[in-house]
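*Asks:* Sequence:
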Amino acid sequence: MYYTERFDQLGNDTNIIAEVYGDVNGDNIRDYVYLTGTRTPNSGYIQNITLVIRDGRTGIKQRARLKSDSGYSPTVTLQDFTGDKIKDIMIGIASGGSGGIMFYYVFSDVNNQLTQLFDYEEYNQRYSYKVEFADYYKVNVTNVEKNVVFVIDITYKGKEYLDEIYTPEGILKQPIEGWVDPLGGLYPIDFDGNGVYELLGYQSIAGRYHADSLGYVQSVLKWNGRKFYLMEQYVGVFGGSPE
Numbered sequence: 000m001y002y003t004e005r006f007d008q009l010g011n012d013t014n015i016i017a018e019v020y021g022d023v024n025g026d027n028i029r030d031y032v033y034l035t036g037t038r039t040p041n042s043g044y045i046q047n048i049t050l051v052i053r054d055g056r057t058g059i060k061q062r063a064r065l066k067s068d069s070g071y072s073p074t075v076t077l078q079d080f081t082g083d084k085i086k087d088i089m090i091g092i093a094s095g096g097s098g099g100i101m102f103y104y105v106f107s108d109v110n111n112q113l114t115q116l117f118d119y120e121e122y123n124q125r126y127s128y129k130v131e132f133a134d135y136y137k138v139n140v141t142n143v144e145k146n147v148v149f150v151i152d153i154t155y156k157g158k159e160y161l162d163e164i165y166t167p168e169g170i171l172k173q174p175i176e177g178w179v180d181p182l183g184g185l186y187p188i189d190f191d192g193n194g195v196y197e198l199l200g201y202q203s204i205a206g207r208y209h210a211d212s213l214g215y216v217q218s219v220l221k222w223n224g225r226k227f228y229l230m231e232q233y234v235g236v237f238g239g240s241p242e
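Heads up: the sequence shown begins at 0 in numbering that gives the first Met the number 0, then just goes up one per residue.
Derived from the structure by calculation, the hints contain no laboratory data. These figures come from a predicted structure and were not determined experimentally. Honestly, I wouldn't trust all of these hints.
[Stated by the list, open to error] Beta-carbon label-pair distances, calculated as ranges: (1) D26 - Q232: 48 to 54 Å; (2) I170 - R62: 57 to 63 Å; (3) F237 - G82: 22 to 28 Å; (4) D211 - G25: 55 to 61 Å; (5) R62 - G25: 46 to 52 Å; (6) I170 - H209: 34 to 40 Å; (7) G99 - R125: 45 to 51 Å; (8) Y20 - Q217: 50 to 56 Å; (9) G194 - Q112: 31 to 37 Å; (10) Q112 - N146: 33 to 39 Å.
[To be verified] Straight-line alpha carbon distances no greater than 20 Å define the calculated EDC-like cross-link-like pairs of lysine to aspartate or glutamate that follow: (11) K66 - D134; (12) K66 - D26; (13) K137 - E168; (14) K221 - E176; (15) K158 - D191; (16) K156 - D191; (17) K145 - D191; (18) K84 - E120; (19) K172 - D191.
Even for Gly, the Cβ is constructed at its ideal location relative to N, Cα and C.
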């Protein structure tokens, strides 16, 4: 839910936890963009995280309570993702869970109209994956939405690891499925150097258990005028030691 308020003093916001300056409404005057929240005593955990934008020209404030509004180490950054030469607002919050899962949002505030451009939950729900071990020391990672398969050679995991799950002939002893975690990283990168930023997402690939990491799904997302779409996707794997 978004709404606007006017305050004469910043003293009303005593729990500012991240802040940045930049023109986000397109009037060529720097605005003050920041996050407020309630700190938990003796902990880095923060609740009630709220985006606040103070118009640099009028002083009017807009507030947006985030859907996932609790976590650790909140950040706010400004980049142009849409190509209109006006900064957009990107927010990242660490969930604090063992999987390293992050919460991400991107907003536009052109003409003081706050609009959500990216929601990490919608992204995680849209793209699902299958992770299946196969014969001869391979793991198939399938993007179900795009029907694309990435094949990982896991011989780098070493003999002891492989002997647990493969016969001496390289045949899988029993079916094994892993999984792909939700977003664990999302970074603004201007890949083509034109001043318009894309998003580079990272999702960890797990094998038999969470600590059995097999690599990362790396996704490049680009704004197409209506939404961020999946422009490119790769699987990055860990290198093995030379023989």
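*Asks:* Decide if the proposed pair is consistent with the structure: K66 and D134, CA atoms, cutoff 20 Å inclusive.
*Replies:* violated, 43 Å
*Asks:* Do the beta carbons of Q112 and N146 sit within 33 to 39 Å of each other?
*Replies:* holds, 37 Å
*Asks:* Given a hinted range of 55 to 61 Å, is it respected by the beta-carbon distance of D211 and G25?
*Replies:* violated, 48 Å
*Asks:* Would you check the hint for K84 and E120, treating anything up to 20 Å between C-alpha atoms as holding?
*Replies:* Violated - the C-alpha atoms of E120 and K84 are around 27 Å apart, more than 20 Å.
*Asks:* Regarding the pair K158 and D191, is the alpha-carbon distance no greater than 20 Å?
*Replies:* violated, 42 Å
*Asks:* Could one say that the CB atoms of I170 and H209 fall in the range 34 to 40 Å?
*Replies:* violated, 26 Å
*Asks:* With respect to the beta-carbon atoms only, verify the hint that G194 and Q112 lie 31 to 37 Å apart.
*Replies:* violated, 22 Å
*Asks:* Is the hinted range of 50 to 56 Å satisfied by the C-beta distance from Y20 to Q217?
*Replies:* violated, 31 Å
*Asks:* Range hint 22 to 28 Å: satisfied by the CB atoms of F237 and G82?
*Replies:* Taking Cβ atoms as reference, F237 and G82 lie about 35 Å apart, which means the hint is violated.
*Asks:* Take a quick look at whether K145 and D191 sit within 20 Å of each other, Cα to Cα.
*Replies:* Violated, because 24 Å separates the two Cα atoms, which is more than 20 Å.
*Asks:* Is 46 to 52 Å a correct range for the gap between the Cβ atoms of R62 and G25?
*Replies:* Cβ of R62 to Cβ of G25: about 20 Å, so the range 46 to 52 Å is violated.
*Asks:* With a cut-off of 20 Å on the C-alpha distance, tell me whether K221 and E176 pass.
*Replies:* Violated, at roughly 31 Å.
Hints 1, 3, 4, 5, 6, 7, 8, 9, 11, 12, 14, 15, 16, 17, 18, 19 from the earlier list are contradicted by this structure; the remaining hints agree with it.
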